[in-house]
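Using the sequences plus the hints, can you model the full thing?
There are 2 protein chains.
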Amino acid sequence: SPLRCLLAYSKPAVVPYTEEWLPAGHSTMKMSGVGPLTAALRMQNVVQSSSRWAQGQQYRPWTLRSLKLQPLSPVPSDIEISRAQTPKPVDQLAQEIGLLQEETEAYGRTKAKVRLSLLDRLREQPDGKYVLVAGITPTPLGEGKSTVVIGLVQALSAHLKLNSFACLRQPSQGPTFGVKGGAAGGGYAQVIPMEEFNLHLTGDIHAITAANNLVAAAIDARMLHEATQKDKALYSRLVPSVNGVRRFSPIQIARLRRLGISEIDPSALMPQEVSSFVRLDLDPAKVTWQRVVDTNDRFLRKITVGQASTEKGHVRETQFDIAVASEIMAILALADGLGDMKTRLGRMVVGSSRSGQPVTAEDLGVSGALAVLMKDAIKPTLMQTLEGSPVFVHAGPFANIAHGNSSVLADKLALKLVGEDGFVVTEAGFGADIGMEKFFNIKCRASGLRPNVVVLVATVRALKMHGGGPNVSAGSPLPREYIDENLSLVVKGCSSNLRKQIQIAHLFGVPVVVALNVFKTDTQAEIDLVCQMAKESGASDAVPCHHWARGGRGSVELAQAVKQAGSQPSHFQFLYSQETPIVEKIRMIAQKVYGADDIELSPEAQAKIDYYNQQGYGKLPICMAKTHLSLSHLPEKKGTPTGFTLPIRDIRASIGAGFIYPLVGTMSTMPGLPTRPCFYDIDLDPVTEEITGLF
Amino acid sequence: SPLRCLLAYSKPAVVPYTEEWLPAGHSTMKMSGVGPLTAALRMQNVVQSSSRWAQGQQYRPWTLRSLKLQPLSPVPSDIEISRAQTPKPVDQLAQEIGLLQEETEAYGRTKAKVRLSLLDRLREQPDGKYVLVAGITPTPLGEGKSTVVIGLVQALSAHLKLNSFACLRQPSQGPTFGVKGGAAGGGYAQVIPMEEFNLHLTGDIHAITAANNLVAAAIDARMLHEATQKDKALYSRLVPSVNGVRRFSPIQIARLRRLGISEIDPSALMPQEVSSFVRLDLDPAKVTWQRVVDTNDRFLRKITVGQASTEKGHVRETQFDIAVASEIMAILALADGLGDMKTRLGRMVVGSSRSGQPVTAEDLGVSGALAVLMKDAIKPTLMQTLEGSPVFVHAGPFANIAHGNSSVLADKLALKLVGEDGFVVTEAGFGADIGMEKFFNIKCRASGLRPNVVVLVATVRALKMHGGGPNVSAGSPLPREYIDENLSLVVKGCSSNLRKQIQIAHLFGVPVVVALNVFKTDTQAEIDLVCQMAKESGASDAVPCHHWARGGRGSVELAQAVKQAGSQPSHFQFLYSQETPIVEKIRMIAQKVYGADDIELSPEAQAKIDYYNQQGYGKLPICMAKTHLSLSHLPEKKGTPTGFTLPIRDIRASIGAGFIYPLVGTMSTMPGLPTRPCFYDIDLDPVTEEITGLF
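Quick mapping for you: the protein sequence lines, in order, are chains A and B.
According to my numbering, numbering within the first sequence proceeds without interruption in unit steps and concludes at 695.
According to my numbering, numbering within the second sequence proceeds without interruption in unit steps and concludes at 1695.
I should point out that these hints are in silico values taken from the structure, not numbers from a laboratory.
Some clues are possibly wrong.
Unchecked claim - With a straight-line cut-off of 20 Å between C-alpha atoms, the simulated SDA-like cross-links for lysine to any residue are:
#	chain 1	residue 1	chain 2	residue 2
1	B	Lys1375	A	Glu689
2	B	Lys1232	A	Ser476
3	A	Lys312	B	Lys1375
4	B	Lys1312	A	Thr675
5	B	Lys1180	A	Ser476
6	B	Lys1492	B	Arg1445
7	A	Lys230	A	Thr288
As the list claims (entries may be wrong) - Estimated spans, in silico, between C-beta atoms of each pair:
#	chain 1	residue 1	chain 2	residue 2	range
8	A	Ser241	B	Asn1613	51 to 59 Å
9	B	Ser1077	A	Ala54	33 to 41 Å
10	B	Arg1257	A	Leu634	29 to 37 Å
11	A	Arg354	B	Ser1476	29 to 37 Å
12	A	Gly56	B	Leu1100	27 to 35 Å
13	A	Gly56	B	Ser1668	52 to 60 Å
14	A	Thr228	B	Lys1180	21 to 29 Å
15	A	Arg65	B	Lys1180	43 to 51 Å
C-beta: ideal position from N, C-alpha, C; glycine also.
So, in structure tokens, the structure goes:
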């Protein structure tokens, strides 16, 4: 354009005299009193700035700078490795992966929340490949799924130079200070800084705790107020006269609608309508909502509340769960936006009335406050791996009473950011029979996303245990079987649990790559055997990986296998339709996934199913609360148990999250502290501010 | 300098060939093989970069940009006012007030934590003037201390153009969703964004909750483990063999020292030493540590824990307090650095052993973990007022069982930042008899800071109530006395409560400015009368202020009065020496501050005093837990009660925070929810993300 040379040295993005530019009522063609060159320059500027805006809205190719890693041998402690690496400033990382400045909110130097407006901006951008990391049935020997997720992403991004993103769950603080330690990966496959990952992060779990406990306080206070006040007093307090005007709040109008009352003038309600409006009439014995803390506090497993005289004898037995067991955590993980989260929070059922009607958070008038408390928690947190690849940390629901997967929103944001040729690697809790099955049937159903590849993590040690190796116990030396070569145990483990878990993934039509997480005691013959048998069992590929000791470089082979599998067509299908009756859904999971002969429902479970059907919950997906230590309901049964009937002890529902969870055995929702918890070794140097003892 | 012209166009801050510059072992004078001009250039660069560094370390004058305020009439709701103002990006604010980039950690766009390294950098910088805002005895009619703090700082900074900083307490979330609403000020004197201020802020209270409850879980788990294991089993678990080596952790070595055991080889302890080491022998009836939640949950006021079968019958009655009542909050507010905080956390007494010895957090092995959980909470959070003046929000301990003041560290950082001619305005909870007395005797004693001015806040309405006006009750119309002019009630209020509170401030040798927070029903005659009588009672000045309706402009007269009072010499003195015996300290506060004839100790209180003296706690300052609604212990006694004896029901101690707190009556440490809590009106628009209903 002939104007370009004129503009070459005129830097301003818009012409300097903006005050007379496009005044109200003037179209761009009316430029009275302005010479033709000025007008042309202005026009040029408009064109340029529009195109800059449009460019700003487009997908931005990555310019990811990897962090150099020089692994030491022997491998130092996790916190030493984490501390030895300097993370990139998080705003730099955000820029490298194409985020706009206004799309991030830094929390310190190394963490940032990412705004959901990104989904609007990149609406037209095709998603990347979606990879799920699942595991064989867990054993006390550990499998290292998180390290595989991180190692794989380090390999894909830093070594194969493919855009890739890890999506991880935020760990509960309970186990960090209790037994398990942190969850930021390990060795040379970690999220850094690992202490930020393992501590408060950006406060999401604290927000869940606050929201959960506000509901609990509202329930008990409401029961007390209803028990001690007549309808009229309740009504005049619930709908008070403010400056002479009585008005229902929007939350109260929603309750009136559910009660079938269309009147919105408070003075016009009939006494019977007033009574149904003011009385939730919660049955104290049927309150299902529990309080939570993010601390391993076993003494809160069963408690009696309301014993102060101010509560007038309204004592009640209840319990605290660990915060991540809150239904609000499951909702955070499944919501696909602020509106959806708010709707789910409002419809959470907290108990039932004496007449058997469900009572919701919205009935309590608390749903707006819950959405306000959760408004920042809904934004995923961006961090990075030891090699500078991006990681989203977001949500971490329990993997038994909930679905155990990181958030739908983190996956969606990441799939847009990596672009069509990129990879998003996300993780499912527990073994593939639990975490992966729920990933497919619950999470993918909620999100509409379809997986391309399953990475199934195994270790030689765990396979040996599934093959019949002896039990191990904490504190005792590891039996020889797990240290010396033992091909026959490996064969048995591969032909039982590994083969079965591969078959489960194939039920859903998704190709499987087996990742053998190598320990230093594994022999080459054992490694080769696992890989060979995995492929014979139908895996697209099976490769050893060494990210723990060597970082991304140690998992390049896995990355290549995943890339290859991702280029194959995936024929994803759900295991069941949501129209299938509740009992049939449970039976299909028990038989096809767990290998049970059949299921057996307790009378309580049968009664609940009838109740849920009557309430219209019959179409919800199923979230099995089963032990993770066996494909069956019996934790000691390793390998591939057969010939068992799965007992369904009871059934519960998370209506806000949107699933029904049958209880197969007793699930602990509150871990305890051992005699010597992790916290004995955790310390802070007040001068250097260095933390020790986290792992 | 002749070199300057040579350097004019050579931009790099250091010479480009740094790899050969100042190699190890070479002094700056040995520049072998380098020409004289190069050497001179390098020297110039060193000088420049050293001086840049030194300049970077110096105090930086402020370049504060005020935000324009155009107050509307009638005054809109707090959230509407907050939302109508666009805050400056917090990094810009930080730069304007002289913070270095590396001294701040942004939390989103409008909040940043400020690192304590600032105190080192500005060590030599003289402090600004230190202004405390206190109030007359509170009434249900409200006084508005927070709005005075904010309005005064808006006036000082945006209108008098003096560097000034507001230091506020972080509010508990409990009341925000319960009865009281938020605490970000009100009208045109607010901290913005008010929803950030009132919600999670930067997570400090959540960190306190996590730390507090980790101690609680550790206590009950430890009692269970000690009750169910013999010495040998406990010892082998507490000091396990890891890879064949047994070693005490540093926290355990600290416990051994307290027990007088110098041995550090675990295998060399005598059986009796092992027993004293492994057994804290906590008496379940003498555990003083409580769990906390930041929710108004009245049903947790008295509970029974440990009722699950896994806890083997070790049930115990206990309670939850609101999170801000945790001793850890009091510690956060009084600590003057990370090391001091860690020491205080370690020495917190959680109960006593069966033999009557205090058991500390360090004995539980949890003190390092507590410091780790609190490492970010110790950094004050920077926000801004509606007019763009800086605000620190940090800590918010209870004002009865603790000292009710914002943090020492926020005040210290702010006093350095405002510089010698600047002002730091901080707030004390409740009336001057409580908040101000504790500010002087506890907070100033801990910090070493000395106040220059006390601003005493009063309202015509509250003075009328102190003068004998009728009681008011929520929901009923306000009696005429408070709406119409009533000079005789004003006279009585001024000559009783206002005069007494001025006298209390003078006990400490600090000049007083009375700030009359004007309501629209106040008449000019009433306003003039209060100001006149305040000055007659010894106030340096007394002025009406209108910040609620008009922002900083409405409090310029107050700002000028404070500036004037701050230029007078202050002769600060403590009310008592810490060497004074406990009983005498209590008596001095009761007689000189409250106006009691004497004190009366219950036998429990006397026994506790003997115990505390025996334990060496006798030199701690006193933190009275008295009703805030009267100068006496009887809430209904307004004005200046006389002729009463102050009963001391019991005495407790916060050894970590460092004070003893006598209980005068029963203090509720857990608020409840009313029939219609605030949360009914709180909502979030999922599209605009706008919050409604916070106030």
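Outcome of the hint check:
no.	hint	in the structure
1	B/Lys1375 with A/Glu689	8 Å, holds
2	B/Lys1232 with A/Ser476	17 Å, holds
3	A/Lys312 with B/Lys1375	41 Å, violated
4	B/Lys1312 with A/Thr675	15 Å, holds
5	B/Lys1180 with A/Ser476	57 Å, violated
6	B/Lys1492 with B/Arg1445	35 Å, violated
7	A/Lys230 with A/Thr288	25 Å, violated
8	A/Ser241 with B/Asn1613: 51 to 59 Å	57 Å, holds
9	B/Ser1077 with A/Ala54: 33 to 41 Å	39 Å, holds
10	B/Arg1257 with A/Leu634: 29 to 37 Å	49 Å, violated
11	A/Arg354 with B/Ser1476: 29 to 37 Å	34 Å, holds
12	A/Gly56 with B/Leu1100: 27 to 35 Å	31 Å, holds
13	A/Gly56 with B/Ser1668: 52 to 60 Å	55 Å, holds
14	A/Thr228 with B/Lys1180: 21 to 29 Å	22 Å, holds
15	A/Arg65 with B/Lys1180: 43 to 51 Å	49 Å, holds
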